[in-house]
Amino acid sequence: MDRSQGRTGGIASGASTEAPTFTGNRALQIEEPLIFEMGQPGRTGVDLPEAPKVKDRLNGLRRAGEIGLPGLSEPQVVQHYTRLSQKNYAIDMGVYPLGSCTMKHNPRINEKVARLAGIGDLHPLQPQSTVQGALELIDRLAHWLKTLTGMPAVAMSPAAGAHGEMCGMMAIAAALEAKGERAQRKTVLAPESAHGTNPATAAALGFTVKPIPANEKGRVDLAALKAALGPDVAAIMLTNPNTCGLFESEIVEISKAVHDAGAYFYCDGANFNAIVGKVRPGDLGVDCMHINLHKTFSTPHGGGGPGAGPVVLSAALAPYAPYPWIVKDGETWRVAEDGAAVDGTPLGRLKAFHGQMGMFTRALAYIMSHGADGLKQVAEDAVLSANYVMAALKDTMTPAFDGPCMHEALFDDSFLKDTGVSTLDFAKAMIDEGYHPMTMYFPLVVHGAMLIEPTESQAKEDLDQFIAALKSLAARAKSGTAVEAFKAAPLYSPRRRLDETLAARKPVLRWRPSNNFKEAAE
Amino acid sequence: MRYLPLTDADRRDMLGVIGVKSVDELFRDVPLSARLGAKVAGLPDHLGELEVERAFQAYAAKNVSPSVAPFFIGAGAYRHHVPATVDYMIQRGEFLTSYTPYQPEITQGTLQYLFEFQTQVTLLTGMEVANASMYDGSTGTSEAVLMANRVTRRSKALLSGGLHPQYRRIIETTGHWQGFKAVSGKPDADGLEDLIAAVDKETSCVVVQNPSFFGHVRDFGKLAEACHAAGALLIVVVTEVVSLGLLKPPGEMGADIVVCEGQSIGNGLGFGGPYVGLFATKEKYMRQMPGRLVGETVDADGKRGFVLTLSTREQHIRREKATSNICTNAGLCALAFTVHLTLLGEAGFRRLSELNHGKASQLADKVAALPGVKLLNEGFFNEFTVSLPKAAAPVVEALAAKRILGGVPVSRLLPGDKSVENLLLLAATETATDGGMDALVAGLKEML
Amino acid sequence: MADVKYTEEHEWISIEGDVGTIGISAYAQEQLGDVVFVDVPQAGRKVAKGESVAVVESVKAASDIYAPASGEVVEANAALADTPGEVNTDPTGKGWFFKMKLADKSELDGLMDQAAYEAFVKGLG
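As given, the protein sequences belong to chains A, B and C, one line each in that order. Read in order, the letters of the first sequence correspond to residues 1 to 522 in the working numbering. Read in order, the letters of the second sequence correspond to residues 1001 to 1448 in the working numbering. Read in order, the letters of the third sequence correspond to residues 2001 to 2125 in the working numbering.
Calculated from the structure, these hints are not laboratory results. Be aware that a few hints might be false.
[Unchecked claim] Straight line, CA to CA, 20 Å or less: simulated PhoX-like cross-link-like pairs of lysine-lysine:
| # | chain 1 | residue 1 | chain 2 | residue 2 |
| --- | --- | --- | --- | --- |
| 1 | A | Lys376 | A | Lys417 |
| 2 | A | Lys376 | B | Lys1039 |
| 3 | A | Lys55 | B | Lys1418 |
[Stated by the list, open to error] One-sided and incomplete, this derived list gives chain A residues near chain B with beta-carbon spacing under 8 Å:
| # | residue |
| --- | --- |
| 4 | Glu66 |
| 5 | Glu111 |
| 6 | Val252 |
| 7 | Ala336 |
| 8 | Leu384 |
| 9 | Pro404 |
Backbone N, C-alpha and C fix where the C-beta goes; we use that ideal spot for every residue, glycine too.
If we strip away everything but chain A, and leave its shape as in the complex, we get:
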């Protein structure tokens, strides 16, 4: 097996000096080739019966030539992906303080119930009489989401948070269209600290995004907002708690001003974990809000998906909810699909079938496990843990704002000033201490931002060790003697810092049979 394939590159300064092993492996860290470098003709990981002998009915379109897929046996496949798995950090391994991502414990009962026969194996287009339990399940989750948010309606189909944003903003566009105001109201206001999906979504729908400034307390500047509101404004997109981890204390005034100006209030619900069971967004004047089931309700992040992004809607926007949704006729559940006679004027359809059912099942299991009492405790523990981390580190690192935070603690990089160590270096050094770094350089409004979200899932002992590790790193950085070590970090991870410039200048996005990576790297 040729394991020498792949890009060659110069050995950078700060290369590790440890003695090489014969295999290149380092104990549990096994160097692993690509499957395409492992395959042998004649090997397979499945045993399938022979196909029935029938007349070919492919309309003359039979595929000619090899596809090029490698052949591996089952044990090789198991070893390959197990070895790859060991190169990942994960919630199951420890503190994963990635701000705004809510990396909380993912219970395994949720996985089990999502796979039950009669749930995990249902076809979305089975006759509705054969999926009554599935439709009831979706409606039950919808009931929880509506009750927890204090909102009258929910669109279940969006596949993720950004998709939910699109759904919510389309509902706003639909409401404006119904009032004959869509051509006139072309501006969407969003704070500079907004997540990138907010402006991306608004722009895709033809809105012009106008930033609204923050005040010195990290909240929306109400006076500036009022000045920006006018007959041209369609909506405000606001995250609450905001991306600085702070609750918008003037939220009620904000929503009133927005509504008085004839605009709508889109709330980005990415940070719902801070207030679930404690505060209902419906009581704050929100018109629509997406809920990331993969954050607040613990459906696994899975290395970047799948997610689910149901959108709760106010009475003003409910008539525009997209197909499909679940209705109950007497004792029978039914799904309203395209063309069904319904109240309202649905804005259309955003996704095939009925939404991310697998995520619905997991989220509902999580919600039922916690109940109304447990969810309230989740928010309280998440906020308590974040404030504990902030209080314990306030003299070592530099909190960006005064006062209590919500579920995440934001620091700036002024404690690193003149040390030669950057936020990035500090974060990479955390890897060697066995932690996933916090969110860095987001939100953009804070210099060298470090956003720590411990979630409710960590024991106090683990938080204490995490705090002690950050204190130790900060002390090293400030000592002025370890700049080179910080720049070289991480040393002990499966890979050290990767050359992102090379990757972007000469993109190699797939394996090819020849060793053309070497050419590409020249």
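Guided by the hints, dock chains B and C onto chain A, whose structure is given.
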């Protein structure tokens, strides 16, 4: 509460360090009018694991599981056997509970399998580059149209009448709100549609599906030429990715963008999601692609490694100028796809494909032999359309009452269209048995 | 000797006759970091003053390049497709982006000369 590690003593200590008396003091920025004194009313309290499991078993018991009924439903989602290894692998915590690989030093596992995934997608589709997945085939198709609009700087999409009706509705919805025109062909039940004459200088793309929603298998080489002559792109959609083991790939037909629903490989039916969208294109359009991309590079020791790359296209950097607002994708479903396809390999994948075609062929012959039933397909893969002597929807309901899941009446997806009222879509995969087929045929015979 | 002027967006334009060559300043490339891709306009494209005509990308950032004057693009620097790093190593030489035929040279009157630009950059701290 089993998921919450903090004890009351811990909480008291932590409040002390913070310097507040109660946790409610930490919520002081919440306006008084919005603070709930107690837990949210009208919802039950927490349950133990046993009670939760029982509740879901009760939901499951009210459904008819495809594993205990003769099953012939397709229409964009297909029932295949998924090896136990796949489900084990995606439940490893290191994959399941990891985030988007923004820190490549400690997420090489995710990054490498996504690189393998991207390569597999290019091989299956016959295209040059692929991204690290979309939410699913349906949303991916809509993103493909947006991409074609960017590439051509035009804003009119032609949609084939063979495109899945829900995919079509999604593009129409996107077009209405994002400002482009979507022109749809009439439902193409007999597979004879010719779109070449409709392609003009305003057309940004033509969207076709192969095999089509009605199961027809066609070559789009001529259509691709017509598109390119007019400066438009050809988008080919594949909702049954297993067909690519047997059929000429869209890349060889001249497709510019290929979108597949990848559910069939590695991912269960799951009542409609989560699935995984495959998205591939030509190298020259690489920077116009939506979604995440994994690229190869080296680390500080000169060792091969993988990173997310070309991320300046994405929303977190480009914000309102991003190619798409997509952020989360279908990482774990992509892993399921990759592990299953790796187990299959070249030989296994081709055999699986043959097996599907063979089973469907047998079923088509049996069903078409029934009096008054007509097979509409010349060519097909594992799904075909038959015309019944009466409306199909009540027949399917009657079969369901006998616990036979006998296909999809086309009218469910095209309600109100009288021309499709008698049409029934039937699919057979490797999971179909002779006994199941006989039960379906006997059931149909009784009904007609 | 060509006349070189600068915009507040850190673009330079070198004028010879009625043709201007446009690129980004040494200060701008420093701020961006390693340039990985430049999206240059096609020859023949007519552009208006202030219109976004090119995009320069580093690993972590993307910046629009605006036309400093109206006119028609006559040539783009095709070499940048393979060697985007020249924007870093030689920003005012081999790292040029595109040349355009200027419709009205008086549109350039408000731009800064070398000395004024250097003072401007100094003022940015």
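Cross-check of the supplied hints:
This hinted pair does not check out: Lys376(A) and Lys417(A) have alpha carbons roughly 39 Å apart, beyond 20 Å. As the CA atoms of Lys376(A) and Lys1039(B) are separated by approximately 6 Å, the hinted pair is consistent with the 20 Å bound. With a C-alpha separation of about 33 Å, the suggested pair Lys55(A) and Lys1418(B) falls outside the 20 Å cut-off, and the hint is violated. At a threshold of 8 Å, the smallest CB-CB gap from Glu66(A) to chain B is about 7 Å, leaving the interface hint in force.
Restraint check, Glu111(A) versus chain B: the minimum CB separation of about 6 Å is within 8 Å; hint holds. Hint status for Val252(A) relative to chain B: holds, with the closest Cβ pair at about 5 Å, below 8 Å. The closest approach between the C-beta of Ala336(A) and any C-beta of chain B is roughly 11 Å, which is over the 8 Å cut-off, so the hint fails. The interface hint given for Leu384(A) is met, as the beta carbon of that residue sits about 5 Å from the closest beta carbon of chain B, less than 8 Å.
Checking Pro404(A) against chain B: minimum C-beta separation of about 5 Å stays under 8 Å; hint holds.
Hints 1, 3 and 7, counting from the list given before, are not met by this structure.
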